[in-house]
Amino acid sequence: MITNLLNRKKVNPSKPTFTGVKQVEELTAQLFVYNKSECLENPDFKIADFKEFSLNENYNWLNVHGIHDSEKIKTLCSKLNIHNLAIQDLLDVNQRPKFQEFDDYWFFTLKSIIPSGDSIIEQEQLSFILGQNYLVSFQERKADYFNHIRERLRKDIGIVRERSSDYLLFLLLESILDNYFTTINDIENNISETLEIDIGKDPSPEIINSAELFKRQVHQIKKTIIPIKEFVVRIEREKFSFVNERHIKYFFELKDLCLSLIDDCEQIEVRLESISNLFFSIQGHRMNQVMKTLTVVSTIFIPLTFIAGIYGMNFSYMPELNWKWGYFGVWAIILIVLVGMIIYFKRKKWY
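Converting from the sequence shown to the numbering used here requires adding 859 to each position, the first position being numbered 1.
Worth flagging that the hints you see were computed from the coordinates, not collected in a lab. Do not take every clue at face value.
[Stated by the list, open to error] Derived pair list, reagent style SDA-like, types lysine to any residue, alpha-carbon separation capped at 20 Å:
no.	residue 1	residue 2
1	Lys-1081	Phe-1138
2	Lys-933	Gln-889
3	Lys-957	Leu-1163
4	Lys-933	Asn-894
5	Lys-1151	Ile-1201
6	Lys-931	Leu-914
7	Lys-1205	Leu-1163
Model the full structure from these sequences, guided by the hints.
Okay, here's the thing in structure tokens:
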């Protein structure tokens, strides 16, 4: 996907700039206001109507699809007192995944993978703002990973309606990581289907091209998972006001998921490296076989050429030239040398 690089020297800090490609026609938002006993859903929430999240026993989840409308994004964030630097990071899809703590909220952005089953991995930037009793999530497109979480809220499945917004953030991050597992599984299946090498046959050079493509995909996945792990490790080591102590164990689970994903990536990298080494080993072995065959043939013809060279000299006085059986004698010597060398090389297992 082609994106625009952000030139911070020319950008007006008061006017954040969207650097990605427009993924949806218009910005849409959905608001859930819930507590243990009820859940109110506004599937077509208007950003212009938003004022603030009320500080009561309710929890709020506002999900925004489409971040290309920088003015609306800035309007929403301004009402939440979000810093301009965080707004620009939210709109900059080339931004490295990062976590930043402010006085009244968290800002967290990451890359999510869109499982497609194709050889090209599509990424989407997701950003989260976590406050005292609210969570705002921003998605580039409507490729939705959170439908099952919405169903839990609507039907009161599980404990999500009993818990605070940080638990909801855990569920969203867990759902995102599930997509990584799906994508890695697809990559493993593609490797098994396309990179099988038959030792008895000459492998196609296309195998190396495919292996390099898979290596880039795995590296891309690994690069986006590491910042999520760093974020979770930071929660483990430090104390944050927006994380309920009884929810820390859930974020530990996220760390384990990240470590599992990283292990899977490393295993795939080792497998791809082994396939590349096997390819070059087979190629090198076949080249050695060819060179050995050519060497044996050349070695056999060296003494034969020597004999033919001697009797090809134009000297007048060569006794063998006057012998009746001289010609046949030379051929006999040539054949004896030829057969003898072939038998010798065969016993030495040189071919």
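A quick look at each hint next to the structure:
1. A hinted pair counts as satisfied when its Cα atoms are at most 20 Å apart, and Lys-1081 with Phe-1138 does not qualify at roughly 25 Å.
2. Straight-line distance between C-alpha atoms of Lys-933 and Gln-889 comes to about 17 Å, which keeps the hinted pair within the 20 Å bound.
3. For the suggested pair Lys-957 and Leu-1163, the alpha carbons sit about 75 Å apart, so the restraint of at most 20 Å is broken.
4. For the hint linking Lys-933 to Asn-894, the alpha-carbon distance of about 28 Å lies beyond 20 Å, and the restraint is violated.
5. A hinted pair counts as satisfied when its Cα atoms are at most 20 Å apart, and Lys-1151 with Ile-1201 qualifies at roughly 14 Å.
6. Distance check on the hinted pair: Lys-931 and Leu-914 sit about 23 Å apart at the alpha-carbon level, beyond 20 Å; violated.
7. A distance of roughly 18 Å separates the Cα atoms of Lys-1205 and Leu-1163; the hinted pair therefore holds under the 20 Å criterion.
Checked against the numbered hints given earlier, the structure breaks hints 1, 3, 4 and 6 and satisfies all the rest.
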